[in-house]
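Let the hints inform the model, and build the full structure from the sequences given.
Protein chains in written order, with this note's numbering: chain A, 1 to 103; chain B, 1 to 212.
Among the clues, some could well be false.
[Said to hold, decoys possible] Pairs of lysine to aspartate or glutamate, EDC-like flavour, derived with a Cα cap of 20 Å: (1) B:K114 x A:E100; (2) B:K50 x A:E65; (3) B:K70 x A:E70; (4) B:K84 x B:D151; (5) B:K106 x B:E139; (6) B:K50 x A:E70.
[Claimed, not checked] Not the full set, but computed from the structure, chain B residues with beta-carbon under 8 Å of chain A: (7) F55; (8) A68; (9) V96.
Hints in this document: simulated from the structure, not taken from any laboratory.
For every residue, glycine included, the Cβ atom is placed at its ideal position computed from N, Cα and C.
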Amino acid sequence: MDIERSLQAALRPVDPPADFTAGVMARIAREQQQRRRARWQMPVALAASLLVAAVGVRIVMQQREQQRIETARQQLALALEITSSQLNGLQQRLNRNTMENGI
Amino acid sequence: MKRTGFLLMLALLPVLSVAQAARLRLPDFSELAGKARESVDISLDGDTLKMARGFIGGRGNDAEFADAVKDLQGIYVKVFSFDKPNMYSMRDVDSVVSQVENQGWKKLMSIRDKTDRVEMWMHADNNDGGMLFVATEPEELVLINIVGKVDLQTLSRLQGRLGVPMIPGMPGIRPPTPPGVPGPGRRGPPPAVAPAPGVAPAPPAPPAAPPL
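Shown next as structure tokens:
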């Protein structure tokens, strides 16, 4: 008997609270928004990665170009230094010969 | 359209060939570089020169640097220093010299003695310009080919002013001698100086020879 009463009490229909529907709808809306945001997250992250990669490649290329220019400049300086040195050596030699030959 | 392009190419051909006339075929010395104690092999063509020229400043020593390279279209330098004499073949040197002889270059200067040979040739066409410098010693070989207008006076002033570190034993670079002091002595008797035909010999103005 007691069991019967207890069951009746436990299974008594209970009305949902007044804000139940609003809460469910709000939750659905929130989940939809999250899903929408998640849909954009991947492409945005991908685009950002690509941008970072592109900027990185550009920086590396610029550095290499700079290095190439600097190497060319140093080679040019060395080439002219050698040329100048050889010309001056020739000049000195001519001076020496002029003096030695007593011209 | 194709025909116009072809005609344009034909019209430009002489110009292009004249511009390249001062560029000489230097032998491939890669094997020689392996035998050398020190070597320098620099090949700067027009494009590379243009790129390097764009980054040379316009003040102080850089201004002279810029001035010296403004009309250059190419510079090719090969220097080899050896521990032992006779490590290179004079045939390689002669193959370069024969090119300038056949192309009507002017021999500006020639010094020869038992062991050494120094020759300077200039491209006959002054508008294009070009220079070949050859210096051979038993233990050193220097070949310099410059394509483009060459101002020898500006070039000779550049030594020690280009920011190249003076490392003892650097091939092809001799320490500058103070003005008025003759250069370091060399082996053997004084060499015979033979100005090239058509080039005026040094005027009698002792003690110094005229600037190059």
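(request) Tell me, in ascending order, the numbers of any earlier hints that this structure violates. (result) Hints 4, 5 and 9 contradicted; others consistent.
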